[in-house]
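Going down the list, the sequences are from chains R and Z.
Note that the first sequence covers residues 1 to 403 in my numbering.
Note that the second sequence covers residues 404 to 774 in my numbering.
In case anyone wonders, no lab produced these hints; they're calculated from the structure.
Just so you know, these numbers come straight off a predicted model, no measurement behind them.
Note that the Cβ used here is the ideal one computed from N, Cα and C, for glycine as well.
Some hints here could point you the wrong way.
As the list claims (entries may be wrong) - If you want the footprint, here are the derived chain R segments under chain Z, 3+ residues with CB under 8 Å:
| hint | stretch |
| --- | --- |
| 1 | 223-230 |
| 2 | 272-278 |
As the list claims (entries may be wrong) - Quick look at which bits of chain R chain Z covers, simulated, 3 or more residues with Cβ under 8 Å:
| hint | stretch |
| --- | --- |
| 3 | 25-38 |
| 4 | 189-196 |
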Amino acid sequence: MARKKECIAMLLAGGQGSRLGILTKNIAKPAVPYGGKYRIIDFPLSNCVNSGIDTVGVLTQYQPLELNEYIGNGEPWDLDRSNGGVHILSPYQQIEGSQWYKGTANAIYQNINFIDRYDPEYVVVLSGDHIYKMDYNKMLQFHKEKNAACTIAMLEVPWEEASRFGLMFVDDDGKITDFEEKPKNPKSNKASMGVYMFTWKILRKYLLEDEAREDSSNDFGKDVIPAMHSAKERLFAFAFDGYWKDVGTIDSLWESNLDLLNPKVDLDLNDNNWKIYSRNLASPPHYISPDASVQNSLVAEGCVIEGNVEFSILFADVTIEKGAKVEYSIVMPGTTIKAGATVQYSILAENSLIEENAYIGEKPENMDNLDDWGVAVVGANINVKENAKVLPKEQVAEDKEVK
Amino acid sequence: MRANKIIGIIYSNIYDYALSELTTLRAMSSVPFCSRYRFVDFPLSNFVNCGISKVGIITKSNYQSLMDHVGTGKAWDLSRKREGLYILPPFSESQSTENRGRMEGLAGIKNFLANSKEEYVLFSDCNVICNYDLKKLINFHAKKNSDITIIYKHGIVPNLHNIMLFDHDDDGKINKITIAEKNHGVGDFSTNIILMRKSLLERLLNEAISLNLKSFTLDIIQANLDKLNMYTLECDGFFETVDSLQSYFNISMKLLEPENMKILFNKERPIYTKDRDDMPAIYGLGSNVHNSLIADGCVIDGTVENSIVFRGARIAKGAHIKNCIIMQDSYISENVKLDCVIADKNVVVKPNNVLAGAMTYPVFIGKGITI
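Based on the sequences and whatever the hints tell you, model everything.
Here it is as structure tokens:
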């Protein structure tokens, strides 16, 4: 019998992440590499342990193989516990038949038994596609003080970006008075971060009701929260003011990686009080050769660098040969860039091979028409042959030769 | 012979005196090496990579940092219900005393050996830096029907106590064992990686103890050459013995040759170590790094040449370090110039200091010192 927990976390990690294109062809979005040695899911998992939450259910559905293997027994995050710990929760067969997770709320609904085993007072629902460091315990204290049914983490975003978010109207006490979903002309800039703290017995009731409604899309944002709102449940917004970024698109993933090089960005991964944990490879220190030049970049262990690197993020075991040039790019683990190749404004996925004098991506200032410019992406295990060219915005899903 | 029939035994403190600068606060086994490792990572990884699943580490003193480093043995997959990692401190058994040498160390773990069901014992010291495929030794031992097999290296004999020199046939049969004198020069010397049957070890050990003999090397190995079938096998790959601070410095610098790195950190046989969860190294605008090894967690804003920088070390803007070894979490401030310096853990060098040694005499800054 599992022991009672005050608060457990449910991490939604089943989304396909189709906006990440070929980067999520074979892996789930939360398993996408980030920041030189992490994967996106390291952030919510590390936030959980750092906040004192030791029981986490990870809901997986899309391409779970690599994600499941990565999470394993949860040891890198200290989540290998005999009481609690990390649990992978995939859709399963029941006596009435089997069913995929239909929506975020349905995913939690299908795992009510798992949550009930721990008999928690509170459940925090997280998503696996955001980069941020947040103390969920502070949010829980706020939730308790306000005697709320649901507390939603809230971030003030620049007005010009507000139309991309689910927005909230909040009174002086922090109480949510109304919602607005991705409006054309936003009247609020208080955006939902996709972090929900619920009082479990209240959420449980709404999940059962939501499941019974045939017209429901079983989604937290679209169905469950509005239902709670119209039933006049106490909904509160918890203000967060650190770094937070949704890395659901190629551009935002690229930007968020480069944010790590910006000293003005408030995301310190070297903070000993709030470490981000990850499963690591056993690679030796990285080597910078006598001819190499490395400027304003992040370099992980196992790299061998003989070329020129600027404003880039290099993951473990990347090799950059002599005369190769890498600028404003994200190079994922195990990729090799051969002599004379140029890589600019690009994301190269795991174990890709860029051969001699290949030319990938372009600087925006070299474009005739800026509308054609964008980040170039080379998929995992793809080989870009000698002298081949990959255009901005292009996504290379098959080995590419000179045309 | 299968590797899971072998217990690996590591001596964590042998030759501590030879590297006194780095071992005043730690055992030889936990001396930091090559940006992110400790000496013990090499014998442990070599054992594990050939399939050994039971390892005992004989400790004598100063073993807190060792225990902190190896923990439950998780990093080497040695945290197990069956077999796994055993730390064997002095006084660990009722008859044992504080062990001073190999023999007393072994005498103190007689019960550990007796209670192990493995048939063979494989010894290794901690001051030998190598990534060696021990399967070669195991196969050689079986093929030659050898009683005791020892790995040797041909080269300049280390200046350490009781180093055996072998006179051997082409097929490895040892004809004569002599003990090297100081500054012996070139020879075929023992690396103290020794494989033998456990029952033989126990018999020889009991005989030696009953005769009040003190030396494993002299009284168990050398004295029994006539009675036993002893073979020696030449090492290959990167194989270096640390016998002084100078040799620690030289061996570290050898790893700036990419070829040596490739051999020592072979992808087929990784060297494992404890994780620290540092972020990748950050290179600032204007950093200038050449021919250097850098670990995760470093923040580099200055100039680094021909150097080895450990996890969490920071090189500030305007600092210039050359031919240096900068260990974990040390801080080299603005406009400091260092040449041929070994800075131990948590050293702080304040702004504008200049320190220089020579390639043949590196300056050493002890753990936690602020200059």
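8 Å C-beta criterion, at least three residues: is the stretch 25-38 of chain R covered by chain Z: holds (count 3)
Three-residue Cβ test at 8 Å for the coverage of the stretch 272-278 of chain R by chain Z: holds (count 4)
Given coverage of the stretch 223-230 of chain R by chain Z, tested with a Cβ cutoff of 8 Å and a minimum of 3 residues: violated (count 0)
Verdict on chain Z covering the stretch 189-196 of chain R, criterion of 3 CB contacts below 8 Å: This one is violated; 0 residues, fewer than the three required, reach chain Z with a Cβ under 8 Å.
Hints 1 and 4 from the earlier list are contradicted by this structure; the remaining hints agree with it.
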